[in-house]
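Here the protein sequences line up with chains R and Y, keeping their order.
Letter by letter, the first sequence follows residues 34 to 453 in the working numbering.
Letter by letter, the second sequence follows residues 34 to 453 in the working numbering.
Any given hint might turn out to be false.
The list cannot tell twin chains apart, which means a pair is met if one copy fits it or any two copies do.
Claimed, not checked - Cross-link-like lysine to aspartate or glutamate pairs, in silico, EDC-like; alpha carbons within 16 Å at most:
1) Lys228 to Glu250
2) Lys228 to Glu43
3) Lys78 to Asp303
In short, the hints are calculated from the structure, not lab data.
Everything numeric in this text was worked out from a predicted model, so none of it was measured.
Protein chains: 2
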Amino acid sequence: MAVTAEPVTEVCRRARAASLLLPAAATADKDDALAVLARRLRERKAEILDANRVDLERGVEAGLDAALLDRLRLDEERIEAMATGVEAVIALEDPVGELLERRTLESGIELEHRRVPIGVVAIVYEARPNVTIDAAALCLKSGNAAVLRGSSSAAASNAVLVELAREAVAEAELPAGTVEAVAGGGREELGQLAKQRALVDLIIPRGGEGLKAALEEVAEVPILYAASGNCHVYVDATADPGMARRIAYNAKVQRPGVCNAAETLLVHRDLATELLPAILADLHEAGVELVGDGRVRAAAAVPVAPATDEDWDREYHGLKMAVAVVDSVADAIDHVNRHGSGHSEAIVTASADAADAFTGGVDAACVYVNASTRFTDGFEFGMGAEIGNSTQKLHARGPIGLRELTSTKYVLRGSGQTRG
Amino acid sequence: MAVTAEPVTEVCRRARAASLLLPAAATADKDDALAVLARRLRERKAEILDANRVDLERGVEAGLDAALLDRLRLDEERIEAMATGVEAVIALEDPVGELLERRTLESGIELEHRRVPIGVVAIVYEARPNVTIDAAALCLKSGNAAVLRGSSSAAASNAVLVELAREAVAEAELPAGTVEAVAGGGREELGQLAKQRALVDLIIPRGGEGLKAALEEVAEVPILYAASGNCHVYVDATADPGMARRIAYNAKVQRPGVCNAAETLLVHRDLATELLPAILADLHEAGVELVGDGRVRAAAAVPVAPATDEDWDREYHGLKMAVAVVDSVADAIDHVNRHGSGHSEAIVTASADAADAFTGGVDAACVYVNASTRFTDGFEFGMGAEIGNSTQKLHARGPIGLRELTSTKYVLRGSGQTRG
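Using the sequences provided together with the hints, build the complete structure.
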């Protein structure tokens, strides 16, 4: 792979120039580029796999662990998934130009409030090369110029994927600079990227707490964190026992390494003697390591270690769960607001009052009643592809899809109005 | 005035506690508090004026200039304007709970996407005591706890106004902590406030570039800048001459010290010999100091000094204007995008193509066709009161009204759904 030693500023400057033209790009042209990209991914499969083999061999030499190597690895199936993912973005509505409001002001001026692209969006991510294609496709459809900064471990794979995206942009006659990439996955390039306030409008980091901390330290560009989740399931006194068992199990066990998996289970004290031991037995059988407070440990028929203060704040990213007994829905809400990360929180209840108290009182992007936290996802929400899930309260909260990649503009048409 | 030496963290902690209860506050209770506040402002006029007199005397002693003293000064009329401003907020629709989307997902889960308060909003402002009431009223109606930090020059006035707001909050039985104030207007308190990431969700500074720079240096809390404006009026080749003269004059002269006043006039070269001199003569007669490029100076019949490179980037905040001749609408767009601050930009034209090119190509919060830039304002836009104008692209762009003081929440109601 040809790592260009080009300064980050030059890369961003080309993206900026493209970003001034992209708001006017026709939906058909953007969709054409996406169709070409999907086709190239399939046609050039062998080239992609060759590059990926280089990354994998380097990864083995560098001693990457099995999980990282798996995330890095591409195969025919994963390449086909990238192509169908791009085709799914074609099917999504173009958010650019969407009319949010139109009205005639007292002055007679006609006001229109419309969605416009944000401008230059930088995506910073780790390992998985498919993010290169997801991010390029979402930015392209939303009229943003993308500056991609993958990790050095995927450099060869990403170089080929970026090249395919650029060919698609060129073939659809969209501005050069629509898809740019920062070569070199080091912290120095990251620092440079994070300081391009004049050229980059937004950085979206997809990665762990280390990446977040590194960016917070240096960033001058606004950041939208696709953040980690410390999610809870609260089983209320009135919960249907079978439903509670299924939801608690699903939220923890179905895919424990993702951000919408549950980390803590809260159970109402009325259920401590019967339902709680049954839920704990389910989790134990699935191989979940359990830690809990005194009341949980007293009730459990399976091993539950004592929970430390830190356990309530942790995202385990695996088969481990903290469990507490609470005295009321109010106590559950208080626990969630003190320890949660504002991602996805669920209550299992048959009481409308408890459901309303929980959905109103819990301060999070997504609050569930009688469903698993695992549904927080752009596809599940009917938004199409997503670029992560925001736990921030400003700009975008929840799945970051095409609309969340837009800003707005007021256009005001008059007939000579002046202010008196 | 009793300046409490209370730590900033304690003030923010009380606001945080209130912010957890405020999302559930009934619109009627919030409106009650606003009605009480309007009444108290009228009933306690004498007390407010006494406190204001203390600030004014201190200001004179400290040698504040006439403009600052004027902004600091309250009189019966200005107090009445504050009271009617609060009543106008009562009339605005409560944004909290507004339904943005509702649909049934493929999983059968019912998704609702609603507006919720942001949480704790800190407003940092200078001199004018009326901002205390505007900010408190807008935060209250939008369900946010407000942390107000006025300048030390208005300390006595602000202390009385905050007290009235607190009494109104108490009388309506809203949570204590709904309106909080940081005593002491120094940079140290500002720095402390800007670091309360765990307690404050947003800071909105209302002030000049000095305040902005001071905050950018230290802030860890997200900031929404109610920023300054370097606004342009572009007179296109096809402009109606009378309309062009009126709009250029109004945008510069009607109130030159505000952020939506124009700083630069761009005129198409076809109009350089006839219309341009007439516009310059109007401005000169109004006392506007003119600077211009070579073509402007050659055409003008009134004094026009040479413009320096810096002139194109400056917000004069007064009766001074930079003028340039451009060769096309494309050149005008390019000038605006290079030098503008993304606030408010106007084209005067009879050509639909030129209007579309300008509104599409100019990257700004508000783009006008055949109207003065001076209309950028929450009241003029039919949004009611505002807390400034955002030139950022993220979260809110344009006037910051009640909706812009909200975040969103997804509430998802299922019947036991788990993810497969």
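Right, here's what the structure says about each hint:
1. Lys228 to Glu250: both (11 Å within a copy, 13 Å between copies)
2. Lys228 to Glu43: within (13 Å within a copy, 33 Å between copies)
3. Lys78 to Asp303: Neither: 57 Å inside a chain and 56 Å across chains, both beyond 16 Å.
In terms of the numbered hints stated before, the structure departs from hint 3 and from no other.
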